[in-house]
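What follows is the residue order along each chain.
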Amino acid sequence: MIRNYIYVLGLIICIGGFSASIPAIAQQSSAKVAVPRITLPMIEGSIKLAVFGDAGRGSKDQVDLGRVMADYREAFPFDTVLLTGDNIYGKDTPADMKLKFEDPYKTLLNKDVKFYASLGNHDTSNQRFYAPFNMNGEEYYRLNRKDVSFYALNSNYLDKKQLDWLNGELGKDKNGWRIAFFHHPPYSSGERHGSDESVRDVLHPFFVKNGFDVVFTGHDHFYERVKPQDGITYFVAGAAGKIRKGDLKERSPITAAGFDSDLSFMLVEIAGDDLHFQVISKAGNTVDSGTIKRRD
Amino acid sequence: MMGIVMKDVRKAYEIVLPEFSKYLTFVLISVISVVSAMAQTQVSPKAGSDVSEFISRANLYVRELETLKKTLTKLSKHSTAEEISAYKNELLKIVLAKRKGLARGNIFTRRSERLIRLIIASQYKGRDRALLKKELAEAENASVPVKVNAVYPEASELLEMPPTLLLALPELPKQIRYRFVGTHLLLVDRENHLIIDYMPKALP
Numbered sequence: 001m002i003r004n005y006i007y008v009l010g011l012i013i014c015i016g017g018f019s020a021s022i023p024a025i026a027q028q029s030s031a032k033v034a035v036p037r038i039t040l041p042m043i044e045g046s047i048k049l050a051v052f053g054d055a056g057r058g059s060k061d062q063v064d065l066g067r068v069m070a071d072y073r074e075a076f077p078f079d080t081v082l083l084t085g086d087n088i089y090g091k092d093t094p095a096d097m098k099l100k101f102e103d104p105y106k107t108l109l110n111k112d113v114k115f116y117a118s119l120g121n122h123d124t125s126n127q128r129f130y131a132p133f134n135m136n137g138e139e140y141y142r143l144n145r146k147d148v149s150f151y152a153l154n155s156n157y158l159d160k161k162q163l164d165w166l167n168g169e170l171g172k173d174k175n176g177w178r179i180a181f182f183h184h185p186p187y188s189s190g191e192r193h194g195s196d197e198s199v200r201d202v203l204h205p206f207f208v209k210n211g212f213d214v215v216f217t218g219h220d221h222f223y224e225r226v227k228p229q230d231g232i233t234y235f236v237a238g239a240a241g242k243i244r245k246g247d248l249k250e251r252s253p254i255t256a257a258g259f260d261s262d263l264s265f266m267l268v269e270i271a272g273d274d275l276h277f278q279v280i281s282k283a284g285n286t287v288d289s290g291t292i293k294r295r296d
Numbered sequence: 001m002m003g004i005v006m007k008d009v010r011k012a013y014e015i016v017l018p019e020f021s022k023y024l025t026f027v028l029i030s031v032i033s034v035v036s037a038m039a040q041t042q043v044s045p046k047a048g049s050d051v052s053e054f055i056s057r058a059n060l061y062v063r064e065l066e067t068l069k070k071t072l073t074k075l076s077k078h079s080t081a082e083e084i085s086a087y088k089n090e091l092l093k094i095v096l097a098k099r100k101g102l103a104r105g106n107i108f109t110r111r112s113e114r115l116i117r118l119i120i121a122s123q124y125k126g127r128d129r130a131l132l133k134k135e136l137a138e139a140e141n142a143s144v145p146v147k148v149n150a151v152y153p154e155a156s157e158l159l160e161m162p163p164t165l166l167l168a169l170p171e172l173p174k175q176i177r178y179r180f181v182g183t184h185l186l187l188v189d190r191e192n193h194l195i196i197d198y199m200p201k202a203l204p
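Sequences listed follow chains W and V, in order. Position 127 (the first sequence) corresponds to 127 in my numbering; numbering is contiguous. Position 107 (the second sequence) corresponds to 107 in my numbering; numbering is contiguous.
These are computed hints drawn from the structure, not numbers from a lab. It should be emphasised that the depicted structure is a prediction, and the values quoted were computed from it without experimental measurement. Even for Gly, the Cβ is constructed at its ideal location relative to N, Cα and C. Please note: incorrect hints may appear among the correct ones.
Label-pair ranges, simulated between beta-carbon atoms [to be verified]:
no.	chain 1	residue 1	chain 2	residue 2	range
1	V	T183	W	D201	36 to 42 Å
2	W	D201	V	L118	30 to 36 Å
3	V	E171	W	D64	34 to 40 Å
4	V	K98	W	P94	53 to 59 Å
List time: in silico DSBU-like cross-link candidates among lysine-lysine, alpha-carbon distance up to 30 Å [unchecked claim]:
no.	chain 1	residue 1	chain 2	residue 2
5	W	K91	V	K134
6	W	K172	V	K201
7	V	K125	W	K91
8	W	K245	V	K77
9	W	K160	V	K134
10	V	K201	V	K98
11	W	K160	V	K133
12	W	K172	W	K91
If you want the ones that stay clear, here's a sample from chain V, every Cβ over 10 Å from chain W, calculated [what the hints assert, rightly or not]:
no.	residue
13	S56
14	K88
15	L166
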């Protein structure tokens with residue numbers, strides 16, 4: 001008799017625990033951001049930016065995420081956004097540029113946040129002239145912020161000219177941090193695309209040799225932080241327009257952290273030898289955070 | 001490396017041969033080495049006449065393109081979407097008028113096609129080739145009309161050119177891009193998206 005009570009009690013606890021976990025997941029995907037919770041150190045004078053990619057669809061999801069970004073900017077005043085490509089899907093007529101870029105980020109653009117684009121496989125070369133992308137008419141360029149060099153590369157077309165340019169820039173670069181951002185991920189645990197080995201073969205040895213610490217990419221529609229590869233941390237931040245749910249391989253040996261159940265974007269703060277990051281979902285939850293030390 | 005080998009050879013002959021024949025042999029070996037090195041350079045896929053005609057045709061296209069561009073208002077580095085769109089359409093119109101009637105093979109030559117097929121085949125073998133084919137088949141660019149003077153539709157994906165292959169192919173002027181659509185290799189103007197030539201079934 002007592003044994004039966006224990007069984008029933010156990011069953012109630014199990015069901016209770018299970019049902020408690022369901023609302024938690026549901027909450028994550030539908031909750032509205034009340035108060036942005038910043039885990040970043042917010043150091044005065046630090047470099048503050050946001051990073052995301054694969055956004056330009058003009059969808060409700062994209063607009064909703066743009067709103068969350070604007071909310072978070074109130075708490076973490078970033079002035080720079082790095083775009084990891086696929087900034088405009090489909091046509092890029094003036095109406096498309098408005099629908100897929102200017103409208104979703106209207107609040108940020110009005111606050112004079114500067115967007116810096118890299119090109120994805122759904123973007124066209126002419127977008128390098130589009131003023132709000134700040135590419136200065138170039139498909140690849142270097143952006144300087146204090147002690148940090150951000151290299152925007154065009155991974156659609158990594159030809160000799162681009163690699164020669166990169167070599168030349170690195171020869172002149174005296175900054176302490178070297179960070180690259182582009183579209184195709186050299187390391188990714190995506191089922192749909194995954195690691196782009198050809199890009200990796202060409203760029204990774206180059207990054208190792210030239211002291212890069214962090215690389216931001218997109219293409220796969222989720223968030224992933226890859227375990228450091230020869231000291232370099234690769235991020236896949238391609239979840240700002242449409243999520244590819246469940247696309248992240250579950251037992252990937254290279255994943256340090258990942259999130260593939262909702263849209264997301266990254267907030268990044270660089271101060272001294274530390275790069276801090278916080279990844280925010282569309283529901284306003286923090287799905288990853290941490291600090292990367294600059295290599296010697 | 002070659003210098004080290006030469007030194008070793010010279011050392012060996014110092015022991016065995018009399019003075020004159022020693023130096024004559026050394027000179028002969030040096031000449032043979034240089035000739036052999038030159039021969040190796042000549043078989044390099046990028047060098048030689050197989051690509052020179054192809055590249056000079058590509059350069060001619062670019063020269064004509066740049067002349068035509070001078071008739072348009074230049075795009076600033078900070079253009080509006082309207083200005084970019086108008087420029088692209090206008091450029092396309094004047095380039096098409098100039099290129100009317102051109103057929104396949106106006107840039108690619110037979111010899112360059114043969115060489116490019118060899119390069120692609122040597123870069124992509126077995127599993128790698130199958131993977132590339134799969135990726136090409138899955139690309140969102142099936143609606144691209146593979147013909148000369150057609151426009152690569154804006155809405156179609158511009159599939160990434162694998163960098164390792166790109167570095168092996170003959171280098172094009174920056175205004176022209178290699179692009180895969182299915183197994184066909186296209187030459188596309190990067191600004192007006194015009195397909196200026198193509199090679200059918202470039203990927204075996």
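Right, here's what the structure says about each hint:
no., hint, verdict
1, T183/V / D201/W: 36 to 42 Å, "violated, 22 Å"
2, D201/W / L118/V: 30 to 36 Å, "violated, 20 Å"
3, E171/V / D64/W: 34 to 40 Å, "violated, 45 Å"
4, K98/V / P94/W: 53 to 59 Å, "violated, 27 Å"
5, K91/W / K134/V, "holds, 25 Å"
6, K172/W / K201/V, "violated, 43 Å"
7, K125/V / K91/W, "violated, 35 Å"
8, K245/W / K77/V, "violated, 38 Å"
9, K160/W / K134/V, "holds, 26 Å"
10, K201/V / K98/V, "holds, 28 Å"
11, K160/W / K133/V, "holds, 24 Å"
12, K172/W / K91/W, "violated, 38 Å"
13, S56, "holds, 18 Å"
14, K88, "violated, 6 Å"
15, L166, "violated, 5 Å"
Violated hints, listed in ascending order, are 1, 2, 3, 4, 6, 7, 8, 12, 14 and 15; each of the other numbered hints is respected by the structure.
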